[in-house]
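Please model the entire structure based on the sequences and the hints provided.
From first to last, the protein sequence lines stand for chains A and B. With the numbering used here applied, the first sequence corresponds to residues 2 to 115, in that order. With the numbering used here applied, the second sequence corresponds to residues 2 to 118, in that order.
Do not take every clue at face value.
[Unchecked claim] Not everything, but these chain B residues come out facing chain A in the computed CB check (under 10 Å):
1) Ser-10
2) Ile-94
3) Glu-111
Hint data in this document are derived by calculation from the structure and do not stem from the laboratory. Using N, Cα and C, we set each Cβ at its ideal position, and we do this for glycine too.
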Amino acid sequence: AQKITQTQPGMFVQEKEAVTLDCTYDTSDPSYGLFWYKQPSSGEMIFLIYQGSYDQQNATEGRYSLNFQKARKSANLVISASQLGDSAMYFCAMREDSNYQLIWGAGTKLIIKP
Amino acid sequence: GAVVSQHPSWVICKSGTSVKIECRSLDFQATTMFWYRQFPKQSLMLMATSNEGSKATYEQGVEKDKFLINHASLTLSTLTVTSAHPEDSSFYICSARDAGGSTGELFFGEGSRLTVL
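Structural data, given as structure tokens:
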């Protein structure tokens, strides 16, 4: 069964608009962490934001925020005021505390239009 | 933030030759490093987990004799693609966990694009 699901293979968004990238997860581990990474065309992976399963508040990092809905097992990434440089692949990942590794979603290709 | 350096970033080799890719954590100690392979437009596929001073743990379906991993120090892990063939052409990326970090965040190298002719 898919543990991390990103249902949007690709998205086009107008510059300066906000964008939400979906991520749902499946785990029975009560303790876990959720991550979002950005991968531009150059290939490197850039860490964006982290949410722990016990964190009471949604994580925020500059223009990035994570809409964490624990009961729904969703961890959507929200990018406010999108910029052309935001065009990239975005990956959602989960680390269960019982397992040291990251489990990856399939990714969403985001293209920001001028 | 923590930096992971991967070298080379791009390599082209002939079929049958071996290629070594280095992954270095520049400003932190990494007891564990991970090696991934990424096919075009796909997510990262974990190949193996590299632990300093011990044998790597390979994921199912990954040939350990084909992809040799060595983690000789707390800041260096190497992946050697032995007797490379065109089907080994891919983007290989490493990551390292800061042993002193609190979130379990992984820091990634820039990736290495391997093309086997």
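To see whether the hints hold, each was checked on the structure:
Given the 10 Å rule on beta carbons, the hint for B/Ser-10 holds: about 8 Å separates it from the nearest Cβ of chain A. The closest approach between the C-beta of B/Ile-94 and any C-beta of chain A is roughly 7 Å, which is under the 10 Å cut-off, so the hint is satisfied. Because the closest C-beta pair between B/Glu-111 and chain A is about 4 Å apart, less than 10 Å, the hint holds.
This entry satisfies every hint, going by the numbered hints stated previously.
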